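*Asks:* Here is what each chain is made of, one letter per residue.
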Amino acid sequence: AQKITQTQPGMFVQEKEAVTLDCTYDTSDPSYGLFWYKQPSSGEMIFLIYQGSYDQQNATEGRYSLNFQKARKSANLVISASQLGDSAMYFCAMRHPSGYSTLTFGKGTMLLVSP
Amino acid sequence: EPEVTQTPSHQVTQMGQEVILRCVPISNHLYFYWYRQILGQKVEFLVSFYNNEISEKSEIFDDQFSVERPDGSNFTLKIRSTKLEDSAMYFCASSEGGGGQETQYFGPGTRLLVL
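These protein sequence lines map, in sequence, to chains F and H. Letter 108 of the first sequence, counting from 1, is numbered 108 in this note's numbering, and no numbers are missing. Letter 37 of the second sequence, counting from 1, is numbered 37 in this note's numbering, and no numbers are missing.
Hints are supplied without guarantee of correctness; some may be wrong.
Said to hold, decoys possible - Capping the alpha-carbon separation at 27 Å, the derived lysine-lysine pairs in DSS-like fashion look like this:
(1) F:73 <-> H:42
(2) H:42 <-> F:107
(3) F:107 <-> F:70
(4) F:3 <-> F:73
(5) H:83 <-> H:42
(6) F:3 <-> F:107
(7) F:3 <-> H:42
(8) H:57 <-> F:107
(9) F:70 <-> H:42
(10) H:57 <-> H:83
(11) F:70 <-> F:3
(12) H:57 <-> F:3
(13) H:83 <-> F:107
As the list claims (entries may be wrong) - Among the chain H residues that face chain F by a calculated CB cut under 7 Å, a handful are:
(14) 43
(15) 45
(16) 48
(17) 103
(18) 104
(19) 106
(20) 108
(21) 109
What the hints contain is simulated information worked out from the structure, not anything from laboratory work. Computed from a predicted structure; not experimentally measured. Every residue, glycine too, gets a C-beta built ideally from N, C-alpha and C.
Starting from the given sequences, assemble the full structure and let the hints guide the process.
*Replies:* What follows is the structure, encoded as structure tokens:
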């Protein structure tokens with residue numbers, strides 16, 4: 001069975017600093033995708049970044065980057081230069097090619113950015 | 001930029017009543033999903049839909065639930081006889097393909113409250 005673990009229920013960071021949100025996963029499939037979503041207090045789920053299991057380089061999207069360590073089965077999200085608007089819940093998710101590729105989510109990390 | 005839309009944004013209903021949640025996926029996407037998030041908990045997969053039929057469903061998706069694509073644009077989730085524990089945020093998502101590397105884009109959600 002596929003499993004996603006986010007061990008940090010909450011994180012605090014000061015504006016303009018970088019922060020790392022942890023995510024580890026467990027799967028026996030060689031092919032999978034790892035995703036991070038942001039959920040602000042308004043409730044919507046916003047796609048941030050994707051990493052494929054065969055990708056050679058770590059994914060980057062603007063201020064978001066993914067520290068992908070395949071051997072350790074970790075896919076940590078790094079947010080550089082935090083902004084107040086980054087305060088939200090962040091979910092790590094994995095998609096695997098069994099069936100029609102549903103997403104399995106972690107429990108999430110609440111990030112609070114202070115001025 | 002194309003996006004997934006959902007209506008209504010909020011729904012309050014009495015226990016035992018039927019509710020229909022509506023979604024319009026991104027127009028060129030072929031795979032559709034419903035997820036739910038009970039308040040304070042992680043996002044859980046309900047069902048995936050492709051080529052006018054259910055391709056995968058979770059144990060949550062019992063006989064009280066059904067999905068339909070009544071026309072070329074809408075994708076609906078019906079709960080036949082709501083229970084208190086159905087209170088949750090329901091997210092619709094869509095993706096262009098069904099592979100493990102495909103990104104699922106989420107709608108803003110429908111917050112369902114069963115009294």
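*Asks:* For a C-alpha distance cap of 27 Å, please report whether residue 70 (chain F) and residue 42 (chain H) respect it.
*Replies:* 24 Å, holds
*Asks:* Just to be careful: measuring from the Cβ of residue 104 (chain H) to every Cβ in chain F, is the smallest value less than 7 Å?
*Replies:* 6 Å, holds
*Asks:* For the pair we were handed, residue 70 (chain F) and residue 3 (chain F), check the Cα-Cα distance against 27 Å.
*Replies:* 15 Å, holds
*Asks:* Could you grab the alpha-carbon distance between residue 83 (chain H) and residue 42 (chain H) and see if it respects the 27 Å cut-off?
*Replies:* 20 Å, holds
*Asks:* For the pair supplied as a hint, residue 3 (chain F) and residue 107 (chain F), confirm whether the alpha-carbon distance does not exceed 27 Å.
*Replies:* 11 Å, holds
*Asks:* Please work out if residue 3 (chain F) and residue 42 (chain H) have their alpha carbons no farther apart than 27 Å.
*Replies:* 12 Å, holds
*Asks:* For the pair we were handed, residue 57 (chain H) and residue 3 (chain F), check the Cα-Cα distance against 27 Å.
*Replies:* This hinted pair holds, its Cα atoms lying about 17 Å apart.
*Asks:* Next pair to validate is residue 42 (chain H) with residue 107 (chain F); report whether the Cα-Cα distance is within 27 Å.
*Replies:* The given pair, whose Cα atoms are some 5 Å apart, holds under the 27 Å limit.
*Asks:* Holds or violated: are the alpha carbons of residue 83 (chain H) and residue 107 (chain F) at most 27 Å from each other?
*Replies:* At roughly 24 Å apart (the allowed maximum being 27 Å), residue 107 (chain F) and residue 83 (chain H) satisfy the hint.
*Asks:* Would the pair residue 57 (chain H) and residue 107 (chain F) pass a check requiring their Cα atoms to be no farther apart than 27 Å?
*Replies:* The hint holds at about 20 Å.
*Asks:* Could you grab the alpha-carbon distance between residue 73 (chain F) and residue 42 (chain H) and see if it respects the 27 Å cut-off?
*Replies:* Satisfied, since the Cα-Cα distance of roughly 20 Å is no more than 27 Å.
*Asks:* For the hint on residue 45 (chain H), just tell me whether its beta-carbon gets within less than 7 Å of chain F.
*Replies:* 4 Å, holds
The structure meets every hint from the earlier list without exception.
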